[in-house]
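K.L.:
Letter by letter, the chains look like this.
2 protein chains.
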Amino acid sequence: MPASRTTSEKRAQVIKALAHPSRLLIAEALLDGEQCVCDLQELVGADMSTVSKHLSLMRSAGVLVCEKRGLNIYYRLACGCLGDFLRCVDQMTPARPRQKSCC
Amino acid sequence: MPASRTTSEKRAQVIKALAHPSRLLIAEALLDGEQCVCDLQELVGADMSTVSKHLSLMRSAGVLVCEKRGLNIYYRLACGCLGDFLRCVDQMTPARPRQKSCC
DNA sequence: GTCTTATTTGGCTATTTCGCCAAATAGATG
DNA sequence: CATCTATTTGGCGAAATAGCCAAATAAGAC
Numbered sequence: 001m002p003a004s005r006t007t008s009e010k011r012a013q014v015i016k017a018l019a020h021p022s023r024l025l026i027a028e029a030l031l032d033g034e035q036c037v038c039d040l041q042e043l044v045g046a047d048m049s050t051v052s053k054h055l056s057l058m059r060s061a062g063v064l065v066c067e068k069r070g071l072n073i074y075y076r077l078a079c080g081c082l083g084d085f086l087r088c089v090d091q092m093t094p095a096r097p098r099q100k101s102c103c
Numbered sequence: 001m002p003a004s005r006t007t008s009e010k011r012a013q014v015i016k017a018l019a020h021p022s023r024l025l026i027a028e029a030l031l032d033g034e035q036c037v038c039d040l041q042e043l044v045g046a047d048m049s050t051v052s053k054h055l056s057l058m059r060s061a062g063v064l065v066c067e068k069r070g071l072n073i074y075y076r077l078a079c080g081c082l083g084d085f086l087r088c089v090d091q092m093t094p095a096r097p098r099q100k101s102c103c
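Chains as they are written, first to last, in the working numbering: chain A, 1 to 103; chain B, 1 to 103.
Keep in mind that the hints were calculated from the coordinates and are not lab data. Careful, some of the hints might be misleading.
As the list makes no split between identical chains, a pair holds if one copy fits it or if it spans any two.
Unchecked claim - The calculated PhoX-like cross-link candidates involving lysine-lysine, where the alpha carbons are at most 25 Å apart (straight line), are:
#	residue 1	residue 2
1	Lys53	Lys68
2	Lys100	Lys10
3	Lys100	Lys68
4	Lys53	Lys10
5	Lys10	Lys68
6	Lys53	Lys100
Note that the structure is a prediction, hence the values are computed from the model and not measured.
Generate coordinates for the entire structure from the input sequences, incorporating the hints supplied.
P.N.:
In structure tokens form, the structure reads like this:
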């Protein structure tokens, strides 16, 4: 059956949470396991508040979950499938050939 | 090895091409096979020029390829893995539970 | 209790993205 | 050739997103 518009909207919200270089960099880093906000800030190299907003967006989209332990808050991927997701993305990221136009 | 910033940027461009409800709806429809622009316009229900720009963006991101036959231009998915991609997205699209905040 | 330290939130400007309209283009048809 | 049909492109205002700063919050340490 064809996807409904509301299904596409829900899915798009999740995809959007990964469709930003800094957010994707964060998600990729978390493939190796959880990290605290301050480590992710260092990774991304942006203002702490900026990173925090990215994390919050990814969390509310269902991509990340977090947990407080001691002084820090640790984020991790909500789902183990991100590797597969990225493998598919890489199949569409050809080093070179991309159609500029038809015909 | 960790993903580099430029790798994440390339990937993010592909993901961005799918991170919009109308564009995702188009991609989902193309799971069942190619369609011409006018069919996709009807599906999306936006102005023809709007749909054309979405298609062009997806094409230059490497998500779609197109081909002209007769009067029409037919678009199809560049890669067969989109189904897997969406299955992963759906795992992160829980009907209900989503972390509002930590702790 | 006060003082830190880690993180989030509010507010603001700058940038990007979206969607329509109108005009341009490409190619089939007569 | 002129004309029609399908699609793309240019341009512009409106809306959404990004990133910084400053202020607020939460919880552990003292």
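K.L.:
If a hint holds in the structure, say so; if it doesn't, say that too.
P.N.:
Now the hints, each set against the structure:
In the homo-oligomer, the alpha carbons of Lys53 and Lys68 lie at most 25 Å apart inside one protomer (17 Å), although the nearest pairing across protomers, at 44 Å, exceeds that limit. In the homo-oligomer, the alpha carbons of Lys100 and Lys10 lie at most 25 Å apart only across protomers (17 Å), although the nearest pairing inside one protomer, at 30 Å, exceeds that limit. In this assembly of identical chains, Lys100 and Lys68 lie within 25 Å of each other by CA distance solely across copies; the values are 14 Å between and 48 Å within a copy. In this assembly of identical chains, the alpha carbons of Lys53 and Lys10 lie at most 25 Å apart whether taken from the same copy (20 Å) or from different copies (22 Å).
Taking identical chains as interchangeable, the C-alpha atoms of Lys10 and Lys68 are never at most 25 Å apart, the minima being 28 Å within one chain and 32 Å between chains. In this assembly of identical chains, Lys53 and Lys100 lie within 25 Å of each other by CA distance solely across copies; the values are 13 Å between and 35 Å within a copy.
Hint compliance for this structure: hint 5 is the single one not met.
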